[in-house]
Amino acid sequence: MATRRALLRGLAGVLAAPAVLRAHDALASSGTVRVFAWGDYFDKNRILADFEAKTGIRVSLSTFGSNEEAENKLRAAGGGGFDLIFPSVDTGPNYYRDGLLREIDERRFSPDRVIPAIWRNSITLGATHRGRRHLIPFDWGTEAITWDGSLLPHVSGEISWGDLWADGLDGRVAVRQKSIFTSLALWLEATGRLDSGRAAAMYHDETAARRVFDACLAFALDHRRNIGAWWNNAAEAELAFTARGCRIGQTWDTTGILLHRRVDPKWRFGMPREGGLAWTDAVGIPSGAVNIDQAYALLDHLFDPAVGAAFTESTGYTSCAAGAEAHFGEEARTLFRAIYPPGAIDRLWWWPVQTPLYARLRTEYVEKLTNA
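Residue numbers (the working numbering): 58 to 429.
For the record, the hints were derived by calculation from the structure and aren't laboratory data. It is possible that part of the hints are untrue.
[What the hints assert, rightly or not] BS3-like, lysine-lysine: derived pairs with alpha carbons at most 27 Å apart:
1) 425 / 235
2) 101 / 130
3) 111 / 101
4) 130 / 235
5) 425 / 130
6) 323 / 101
[Stated by the list, open to error] Taking CB as the label site, the calculated pair distances span:
7) 100 / 262: 38 to 44 Å
8) 279 / 363: 48 to 54 Å
9) 150 / 301: 31 to 37 Å
10) 215 / 265: 26 to 32 Å
Think of the CB as a built atom: it goes at the ideal place given N, C-alpha and C, for glycine as much as any other residue.
Full structure from sequences and hints, please.
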């Protein structure tokens, strides 16, 4: 079985291989495609407008801010209401249980449109069900640390998850409740406060999982004075730094990258030495989709290498389209090398397939942390 580490190692050998097989024989030239995507995917670029101009297909865009919101809305509609949806790949089993996704027709979407290593490894991360593919890897990224380099000069070089909990940061730290337990577990492991491998135990054994959650909760509550803002989506994360006074925080890569590009170069983003958290978002066709031709037409557009590069440069997320990096500008290449210096990719902690146990316990402990 291929490892998650092998996923990233496989990137370098496939960047220059543009895809040639189109997703369908005849491009749909009319109608509508209903898209349900993360709120920061398509709001600041022309990707969907260019698709409409090229094909004559109108895009009806709805957005969500969390995987739970996406799941709940699609489930409430019995798998209907949308033609494409963009969940995180590890949440795939949540959709399969209720039959909410169609199988991907690989005669209409060829696997070679996706970076091969990511396509292969997505099998073990939640993209398939009973040997059938239902989700296509769309982009990947990380959750690590964003900080103000001008006010926190001591945070330099190889940073640590522990830097979020340092003295003197009262009310200055931005935190995502849903992932703080994992980053804390990694740091507590690295500092000997938890046995090695405890972060992975949070998914499979309730007794072991509760020990980890309890240890992380106790530490977070003891240091709660540092927390200045909770965030649950990209807009809230950005506001934590631009409007609520935070100077360091656990964020998605896009927050740090876009703060650096659009707000002030003092903002930095980097991988902690204990390992950044890594995820893959995917795209799938809901079981109740009605505009199937139009959905495959949009998939064809999104996985064009040049479009993949445009998506990466506008959002900060890295496209899974094969050949996209060949279209990157120099700024994007330089930033990628700065965020992922030698060894950083090997230390990434990839979110496992979400289990019912983990989902239940995380909800329970997030409520304890938030309401304490």
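Outcome of the hint check:
no. : hint                  : verdict
1   : 425 / 235             : 12 Å, holds
2   : 101 / 130             : 24 Å, holds
3   : 111 / 101             : 19 Å, holds
4   : 130 / 235             : 19 Å, holds
5   : 425 / 130             : 25 Å, holds
6   : 323 / 101             : 22 Å, holds
7   : 100 / 262: 38 to 44 Å : 41 Å, holds
8   : 279 / 363: 48 to 54 Å : 50 Å, holds
9   : 150 / 301: 31 to 37 Å : 35 Å, holds
10  : 215 / 265: 26 to 32 Å : 30 Å, holds
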